[in-house]
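Here is what each chain is made of, one letter per residue.
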Amino acid sequence: MKRIEVVQSILEANDSIAARNQRLLDENEVFAINIMSAPGAGKTSLLLQTVAHLRNGLHIGVIEGDVASTLDSERVRDEVTAVVQITTQHMSESCALIATMVDSALKRLPLGDIDLLLIENVGNLICPSEFALGEHRKVVISSLPEGDDKPMKYPIIFADADAVVINKLDLLPYVDFDIPSFQNSIRGLNPKVKFFQVSCKSGAGIEDWCAWLLQELEDHRQKA
Amino acid sequence: MHELGITESIIDIVLDKAKEAGATRITEISLVAGELSGFVPDCIQFYFDFLSRDSIAEGASLHFESAPAQFRCRTCSAVFQPNDSSSDCPECGSHGVEVAGGRELYVKSMEVE
Chain X
1 MKRIEVVQSI LEANDSIAAR NQRLLDENEV FAINIMSAPG AGKTSLLLQT
51 VAHLRNGLHI GVIEGDVAST LDSERVRDEV TAVVQITTQH MSESCALIAT
101 MVDSALKRLP LGDIDLLLIE NVGNLICPSE FALGEHRKVV ISSLPEGDDK
151 PMKYPIIFAD ADAVVINKLD LLPYVDFDIP SFQNSIRGLN PKVKFFQVSC
201 KSGAGIEDWC AWLLQELEDH RQKA
Chain Y
1 MHELGITESI IDIVLDKAKE AGATRITEIS LVAGELSGFV PDCIQFYFDF
51 LSRDSIAEGA SLHFESAPAQ FRCRTCSAVF QPNDSSSDCP ECGSHGVEVA
101 GGRELYVKSM EVE
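As given, the protein sequences belong to chains X and Y, one line each in that order.
By this note's numbering, the letter at position 40 of the first sequence is numbered 40, and the numbering carries on one by one without gaps.
By this note's numbering, the letter at position 54 of the second sequence is numbered 54, and the numbering carries on one by one without gaps.
Please keep in mind that the hints were generated in silico from the structure rather than gathered at the bench.
Here the structure is a predicted model, which means the values were calculated and not measured.
Mixed in with the good hints there might be a few duds.
Unchecked claim - No farther apart than 20 Å at their CA atoms in a straight line, the calculated lysine to aspartate or glutamate pairs in the EDC-like style are these:
| id | chain 1 | residue 1 | chain 2 | residue 2 |
| --- | --- | --- | --- | --- |
| 1 | X | K2 | Y | D84 |
| 2 | X | K2 | Y | D16 |
| 3 | X | K150 | Y | E58 |
| 4 | X | K153 | Y | E35 |
| 5 | X | K153 | Y | E98 |
| 6 | X | K2 | Y | E35 |
| 7 | Y | K19 | X | D15 |
| 8 | X | K192 | Y | D49 |
| 9 | X | K153 | Y | D84 |
| 10 | X | K192 | X | D162 |
| 11 | Y | K19 | Y | E98 |
| 12 | X | K150 | X | D178 |
| 13 | X | K194 | Y | E28 |
| 14 | X | K153 | Y | E20 |
| 15 | X | K194 | X | D219 |
| 16 | Y | K108 | X | D160 |
| 17 | X | K192 | X | D170 |
| 18 | Y | K17 | X | E12 |
| 19 | X | K2 | Y | E98 |
| 20 | Y | K17 | Y | D84 |
| 21 | X | K194 | X | D160 |
| 22 | X | K2 | Y | E28 |
| 23 | X | K107 | X | D162 |
| 24 | Y | K108 | Y | E28 |
| 25 | Y | K108 | X | D219 |
| 26 | X | K150 | Y | E35 |
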């Protein structure tokens with residue numbers, strides 16, 4: 001009997017594939033966003049609004065990881081440069097995208113023709129926070145009906161976010177969601193985070209969000 | 001249910017290390033999983049029993065050590081365990097914290113023959 005000290009991160013394999021994905025994206029000058037939220041918070045709706053606002057100036061690609069999404073409609077396919085739906089054999093039981101899934105999706109996208117890649121993760125606030133995909137920015141959507149206590153329950157996903165989009169603002173009169181307290185608890189964990197208040201239904205706030213996205217894309221290009 | 005992928009990674013790591021050490025059987029594997037990492041030990045055990053079949057890791061017992069969630073105050077550096085209602089520092093009362101523990105997920109050690 002012999003004891004071997006290992007101390008090796010189990011996520012190391014995922015992290016190295018994610019780093020490789022990012023190199024591939026950088027070589028092709030693609031700016032990638034990982035969009036995460038609980039189920040029903042509005043990932044697909046935000047994606048559709050974003051595409052509608054930015055498609056005239058940018059070539060947009062989409063990786064669709066959310067099994068419950070209805071994004072694969074012909075309408076969206078017409079509006080973006082390319083869409084890949086991730087349907088691996090593991091996908092039906094997966095609670096998050098992992099770097100290998102994105103790796104195979106990237107091989108099916110015309111990366112040279114894409115400026116902005118929107119990756120819609122699986123609806124979940126725990127699992128996606130563990131798996132880097134190769135993205136340049138992480139965005140979390142929280143919708144008002146979910147309640148304002150989520151940052152305390154799921155601190156990691158909020159601690160790592162570059163931006164938090166508060167969606168379904170049109171429901172504010174009907175729910176007890178304290179926006180300042182919600183923002184305050186996230187700022188405690190993550191002082192640099194940006195907040196956007198939107199209604200994907202009415203379109204309110206979408207311009208601010210898209211302006212930020214464009215600015216981040218521009219900053220990223222300057223640095224490259 | 002990303003425990004499936006996680007378990008595959010665990011098996012890759014231990015088989016690799018066992019080979020390096022010239023071992024013929026893995027009897028015990030010690031894992032550290034932080035409270036904030038969201039992994040379910042029973043689930044990893046379930047997949048492990050299935051995926052390790054016919055390998056030198058078959059029948060190995062898995063031991064899980066939990067690492068507590070910890071925040072560190074950005075002002076006074078006090079380390080404390082968060083609760084569900086507030087992340088303010090209990091020492092100095094200030095609001096900014098960083099996650100200091102609870103995200104760990106690694107293979108710590110193993111016993112081989």
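| field | Restraint check for K153(X) with E98(Y), where alpha carbons must lie at most 20 Å apart | value | holds, 15 Å
| query | Are the Cα atoms of K153(X) and E20(Y) separated by 20 Å or less? | reply | violated, 41 Å
| Between K150(X) and E58(Y), is the straight-line Cα distance small enough, at 20 Å or below? | violated, 40 Å
| said: Would the hint linking K192(X) and D170(X) be met if the CA-CA limit is 20 Å? | reply: violated, 26 Å
| request: Take the C-alpha atoms of K108(Y) and E28(Y), compute the straight-line distance between them, and say whether it is at most 20 Å. | output: Given pair K108(Y), E28(Y) holds - Cα atoms ~11 Å apart, limit 20 Å.
| query | Does D160(X) lie within 20 Å of K194(X) when you go C-alpha to C-alpha? | reply | holds, 12 Å
| query | CA of K107(X) to CA of D162(X), is that 20 Å or under? | reply | Violated - the C-alpha atoms of D162(X) and K107(X) are around 26 Å apart, more than 20 Å.
| field | Hinted pair K108(Y) and D219(X), Cα distance within 20 Å | value | violated, 40 Å
| query | Can the restraint linking K2(X) and D84(Y) be considered satisfied, given a maximum Cα separation of 20 Å? | reply | violated, 42 Å
| said: K17(Y) and E12(X) were given as a pair; does the straight-line alpha-carbon distance stay at or below 20 Å? | reply: This hinted pair holds, its Cα atoms lying about 15 Å apart.
| said: Run the distance test for K2(X) versus E35(Y): straight-line Cα separation, threshold 20 Å. | reply: violated, 29 Å
| request: With a cut-off of 20 Å on the C-alpha distance, tell me whether K2(X) and D16(Y) pass. | output: holds, 16 Å
Checked against the numbered hints given earlier, the structure breaks hints 1, 3, 6, 7, 8, 11, 13, 14, 16, 17, 19, 20, 23, 25 and satisfies all the rest.
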